[in-house]
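**Student:** Use these hints to put chain A onto chain C, whose structure you have.
There are 2 protein chains.
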Amino acid sequence: MTEQEPTSGELPTVPALSRRALVGGAGALAATGALTVAGAVEADAATSGGRLPSRVDVVVVGGGLSGLVAARKIRHAGKSVLVVEARDRVGGRLLNHRLSTGHVVEAGGAFVGPTQDHVLRLARQLGVDTFQEYIKGNNVYIDSLGQREEYTGTVPTGDPAIADALKLINDINSYAAEIDVSAPWTHPKAREWDRMTLDEWVRRNVVVPPKPGQMNSQTQKLLLAYLQAAFGNDGLEMSFLFFLWYTACSGNERHVGTFDRNSGTDNAAQDARFVGGSQLLPIRLARILGDRVALNAPVQRIRQTSSYVDVHTSRGVVRAKRVVVAAPPAAVLGIDWFPMMPVKRMAMLQRMPMGTLMKCDAVYETPFWRKAGLSGSGLNTSGAVLTCFDNSPPGADAPGVLLSFVGGSTWRRYGTMTRAKRRAAVLEGFAKIVGDQALKPIEYTEHDWTHERWTYGSPVASMAPGALTTYTDALWRPFRRVHWAGTETSTYWTGYMDGAVRAGERAAVEVLERL
Amino acid sequence: MTEQEPTSGELPTVPALSRRALVGGAGALAATGALTVAGAVEADAATSGGRLPSRVDVVVVGGGLSGLVAARKIRHAGKSVLVVEARDRVGGRLLNHRLSTGHVVEAGGAFVGPTQDHVLRLARQLGVDTFQEYIKGNNVYIDSLGQREEYTGTVPTGDPAIADALKLINDINSYAAEIDVSAPWTHPKAREWDRMTLDEWVRRNVVVPPKPGQMNSQTQKLLLAYLQAAFGNDGLEMSFLFFLWYTACSGNERHVGTFDRNSGTDNAAQDARFVGGSQLLPIRLARILGDRVALNAPVQRIRQTSSYVDVHTSRGVVRAKRVVVAAPPAAVLGIDWFPMMPVKRMAMLQRMPMGTLMKCDAVYETPFWRKAGLSGSGLNTSGAVLTCFDNSPPGADAPGVLLSFVGGSTWRRYGTMTRAKRRAAVLEGFAKIVGDQALKPIEYTEHDWTHERWTYGSPVASMAPGALTTYTDALWRPFRRVHWAGTETSTYWTGYMDGAVRAGERAAVEVLERL
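Sequence lines, in order, name chains C and A.
Just so we're aligned, residue 1 is where the first sequence starts under full-length UniProt numbering, counting upward by one.
Just so we're aligned, residue 1 is where the second sequence starts under full-length UniProt numbering, counting upward by one.
Treat the hints loosely; a few may be bogus.
Taking beta-carbon pairs under 7 Å as the criterion, some of the chain C residues facing chain A (in silico) [said to hold, decoys possible]:
| id | residue |
| --- | --- |
| 1 | T152 |
| 2 | Q304 |
| 3 | G334 |
| 4 | T450 |
| 5 | R481 |
By construction, these hints were calculated from the structure, which means they are not laboratory data.
For every residue, glycine included, the Cβ atom is placed at its ideal position computed from N, Cα and C.
Chain C extracted, bound-state conformation:
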């Protein structure tokens, strides 16, 4: 293999206890990808790892990308910091998985692209390279009749549903261009858009309606293929305003966010991947932070006074001047807050369900589809594989890997069957796109994020109708001595690694200005 995640030999020389705190016990296995089944590690390990420091300037709750970025920035400013992480590994929704060949693929977030400047800069700083997602050759589209069509570019053009979808996307882009990403609730149509679900808006605006007795037209099914991968839902549980805001956030200060930049591959959010796997970023941040990262330390209670904050973890209480919380919505709700979280934030978090999503990968000796002139990218509107990507690691000797996102109602159907049945359905889905050779992988691996107790789903939380216009900035407005990070609190690339980095940096600045 060309690159891999750090081995224990790469770990810095720190005292035994500190090393244990960083990648202790089973955590070391998980961080190197040898152990990826969530929940397989009995959490009584949380009692191990020793006592935490009793006082630091800042406690960061959550050792995902966002929290670790915040901690590093705070540390760079010369302040003492401690990251407390519930799991036995760092990385949150970033999780490397080592294949039997020794190569690494991501079980969680993976892609990166232009305008995601913050995560790309971080990667350069950490010495993590990127490589282009493979896009040469033809993409494949299976139409409503099951007919296979090869095409180039972002969308197939031979299907009448495409024109319909493109009209919707055009409207989405023009609305999103009007959204102020830091205050989407101020748009003149904000209440009208926040009142309906994305699904309702699509139903009202598709030109070609579903056939009698069918729930969705082909146009809607095309959109579902995107939504299920991008949000882990079918658009029923998010407001149209949230979706427009999310689209508007898919850019930066100089480039307005668009549907295409959000959903596309070439020169868009799925443009490239990280050599060695995206979890290298949090792993290397944690290495820099050393024993300032404490694993197996779920936070039970956060108690603020006018002069300090006590963070109660299963490994003891740490007193800090300021706290950064970088955890997913349901995990934040689960903390016993004193005084209570602001009611608007508590209400908003209850209206931000995480998607239901799993990633399924099939591994082959080689990326055989490339020789057949195929990119490995495909789109279907039925079966277990609605979207297919070439997920092969970089390098001439690397195996071929096909990836499918199984989310939303497709997760409901396929995510809940036996692994053997699902494997067969996923391989059949790959075979429809790249041919029957896909039926015989040398390895099959999957990761169902609905089983992750500290994330509660994947890939992101969506906001219910009414939430954005009712609770507005509750998600990122500081709460006394507590500041909020996590990708959901970013106003550019929210939901992505770049948003996680941005939110962590913003929270660190907030804290440093007040220390």
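**Tutor:** What follows is chain A alone, placed relative to chain C:
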């Protein structure tokens, strides 16, 4: 006053430690109504109260009505039981408030009516009487022009919007009659109905649309007055199928649920109240259970093995053969589960936000409106008071009390202003209905349930689009040795006290069959 909640003299003779466990410290004050401001009691009191027993047959998580009913039934069967309650009081969403006159009104759930057989039977067993809600005289309706109209019966008839609303209600009733309350997802139209919000269904079916530039027609505003009181939301965050199911649940095995029985007063869900306040029910259940109720004991972790369950609380670990969890959705999500809760249940709980609601009461020397031929019941479509009820305690010497529910978007507007401003707006709303005498109360009291850290809102949780058809019976299906209670898990009178009692009884039966 004619009746009041038990004083400490009514408490059974139990050792000092046990009494402390039952109504210890500030809890005793709260339980007797002298202290009702949520969050005012510093929860470090949770460390007081002594150690819990290390082993019992059954631990019940949550000392609300549902959990206490389950515990009593398990105790009656001769099994050992312990209720662990996070707060310093029992009762959950039932909370008596003592007025300065000494009389009691409810800061939380209050009303009861025919077909709510289970809670009525419980009240008889506990010696808690009911009295009829005052309905003599005329009701008042303020129409879209601000014109005041007196009427009798459930709805005013002089407004053209009423006919429109009645048509919608008629449709709701006929659909609800087709719903199997124990399996609403099996209705042929379940997926169609679960795909849209209640708000969307109303928008699509109102005959008279909103005027240009307005969000809602008068018909929709009438429905909002009901929704905001009944659900604490505007119908944007619940699926139409959930609403139909909730309506269908407003009945019992012999009487089909209807909108009218759910929303009405006379012979409906708001037919009567409890003498001494509804919290008498949990208070008396707790008295029967004695030191089997432990307060100030929030549950942090539930760990199941094949032969027992360990319930980790701030007051120690209790090992049980079976566990009943009777806590609101967000509180259950906040527990660290090992093994993890079933993913479908975890996903469903994330799609069940609690409403945003407060109750506001104004107290007068006498119920002066009665002499003017008014019932005290009123309906408006603007201002802080959309619905007004006579909330006077029983007895000839009792003061007059007017009650308003401030929920959903009305809570967003009025719940977030200063208490003084809100008080003025609420009194003005009362005055529009019963006259200017309402502007001069002898007392004003309010309780905002969004500030309740262990309930996360009020009065009930609503289910987001897609939840019922996706996760089906996840809410009440037992999880190994854990069984589920709480009103949200009932299939009759879900959301009401009767549903809480039913769910507690059902969970106890499940447990007893397996002990």
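**Student:** Per the CB criterion, is G334 of chain C less than 7 Å away from chain A?
**Tutor:** holds (3 Å)
**Student:** Under 7 Å is the threshold here; is the Cβ of R481 of chain C close enough to any Cβ of chain A for the hint to stand?
**Tutor:** violated (17 Å)
**Student:** Grab the minimum C-beta distance from T450 of chain C to chain A and call the hint holds if it beats 7 Å, violated otherwise.
**Tutor:** holds (4 Å)
**Student:** Minimum Cβ distance from Q304 of chain C to chain A below 7 Å?
**Tutor:** violated (12 Å)
**Student:** Hint T152 of chain C vs chain A: min CB-CB distance below 7 Å?
**Tutor:** It is violated, given that the least Cβ distance between T152 of chain C and chain A is near 35 Å, above 7 Å.
Consistency with the previously given hints fails for numbers 1, 2 and 5, ordered from lowest to highest.
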